[in-house]
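Chain by chain, the residues run as shown.
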Amino acid sequence: MRNRLARDGVSAVTDRVEGRPLEEAELIELAKDGDVQAYGELVTRYRELAFRTAFLITRSAADAEDAAQDAFVKAYYALERFRARDPFRPWILRIVSNEAKNRLRSARRREGLALRAAEDRRSGDAAPSPEAAALEVEAKEALLRALGGLKENDRLIIAYRYFLELSEAETAQALGIRPGTVKSRLSRALDRLRDRLPAEREASLPMEATDG
Amino acid sequence: MGDRMTRADVERSLIALGSTLEYPPAPAVVPTVTARLLAERAAARRPPFPGLALWPRRRILLLAVAGLLLLLAGTAVATRLAIGAIEIRVVRTPPASTPPVVESGTELGERVTLEVARARVGFPIVVPEALGPPAEVYVAESVFSSRVVVLVWDADAAHPPIEGTPWSTILMELPGSKEPLASKEILAETTLEAVRVGSHDAYWISGPHQLTLLTPEGEQRLTVTGNVLLWEQDGTTLRLETALPKAEGVALAESIM
Chain A
93 MRNRLARDGV
103 SAVTDRVEGR
113 PLEEAELIEL
123 AKDGDVQAYG
133 ELVTRYRELA
143 FRTAFLITRS
153 AADAEDAAQD
163 AFVKAYYALE
173 RFRARDPFRP
183 WILRIVSNEA
193 KNRLRSARRR
203 EGLALRAAED
213 RRSGDAAPSP
223 EAAALEVEAK
233 EALLRALGGL
243 KENDRLIIAY
253 RYFLELSEAE
263 TAQALGIRPG
273 TVKSRLSRAL
283 DRLRDRLPAE
293 REASLPMEAT
303 DG
Chain B
11 MGDRMTRADV
21 ERSLIALGST
31 LEYPPAPAVV
41 PTVTARLLAE
51 RAAARRPPFP
61 GLALWPRRRI
71 LLLAVAGLLL
81 LLAGTAVATR
91 LAIGAIEIRV
101 VRTPPASTPP
111 VVESGTELGE
121 RVTLEVARAR
131 VGFPIVVPEA
141 LGPPAEVYVA
151 ESVFSSRVVV
161 LVWDADAAHP
171 PIEGTPWSTI
181 LMELPGSKEP
191 LASKEILAET
201 TLEAVRVGSH
211 DAYWISGPHQ
221 LTLLTPEGEQ
231 RLTVTGNVLL
241 WEQDGTTLRL
251 ETALPKAEGV
261 ALAESIM
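Residue numbers (the numbering used here), protein chains in the order written: chain A, 93 to 304; chain B, 11 to 267.
Chain A with its partners taken away, still in its complex shape (with noise of 0.2 Å):
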């Protein structure tokens, strides 16, 4: 009457996970045979890069909620495509970026970029960065302000190279592009962001609105 998917495939995880922790290869096979558990633990291992990919995306946490629980779903569906010899990490982030992008076109209702830089680290453990404390308070906001105004793509590509650190070609498997156009894509996306950057010299004055 229902369905076997599962067989006994749930529990090979908490079987074999005495041993030793189970490489990705291991759990995406053993997701494809229909363990949720073992797929369960790879959610685990991607769910912080995904949630920031599409928070990055769609700037709401309730969408990049949303869009990282559907993008997981679905890619659980569309395992059996994925082939072993593949990076898991683009992959999986291209369907969460999808997923956060439909969110973002059905919702196109925030303004401004819901992301904020962290003002004031002195109270934490970790001394910032010299890069860190190098780029002023007005600085970052220009920046993210000037970000928020990029088109989809460009705000994605920048925040795969520069803030999840993603190498050119993971960026380039995550964005369904060829190795050879990350460069150039980049670049001209670097180059619409310089675009609406002040001036150096004019950094803190305020910029024109670049909703749109």
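For the record, the hints were derived by calculation from the structure and aren't laboratory data. Fair warning: there could be bad hints in the mix.
Stated by the list, open to error - Derived DMTMM-like pairs: lysine to aspartate or glutamate, alpha-carbon spacing no greater than 25 Å straight-line:
1. A:K124 / A:E262
2. A:K124 / B:E203
3. A:K243 / B:D19
4. A:K275 / B:D19
5. B:K256 / A:E140
6. A:K243 / A:E140
Since the structure of chain A is provided, determine the placement of chain B on it from the hints.
Below, chain B without anything else, positioned relative to chain A:
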């Protein structure tokens, strides 16, 4: 106009910005994702091709439940799934409108004999062979004119008592129903595992959680301290609560077959 920032400046600024960006805390998507996949499987409705939108009707229900609980608790519901007449809601914080009561005889309904219970309910009552006849039998009213049966067994050397109760085992049996007769609110941290009872899909839930019985008078909320196995067989939804670990709990359930 001043000079435009150089490309290198912009890149440096972006890297610095990336190291200080604040993200909201990542939500616990794992229980909700696995719960959705398990619910899909339980419903034997795997989409014929990947990427198909998943159970739209349930999504609508989910939105309704989420909206309701948002109003009630101010927090979001992640998902819900159901086995037979019991629906499971994964919630961030337990709803706390009424103080929950620990299961005890008086809360479980009217105490009757097994024979009377069999005569009163409209479905066959099953008993795990491994335990023998129950110590006590209760019949409770639930919504939609359905009756729920609760069987309890005393603790003994092989069957430790469930915390807060004198019993080793509590078996709740609910008739088949298209609408939920009871719901469970489990926290994202509560362990929810897919297991098998014989050939039936089942959930093993460990960790304290709440069970809400939908009765004609309203909701009756029970605090569950034992481990719970939920499954459906022959149209009856079965809920077995035990202090035993998973493998033994499942073996006990399988003695019903």
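*Can you name, in rising order, the numbers of the hints this structure does not satisfy?*
Hint 5 alone not satisfied by this model.
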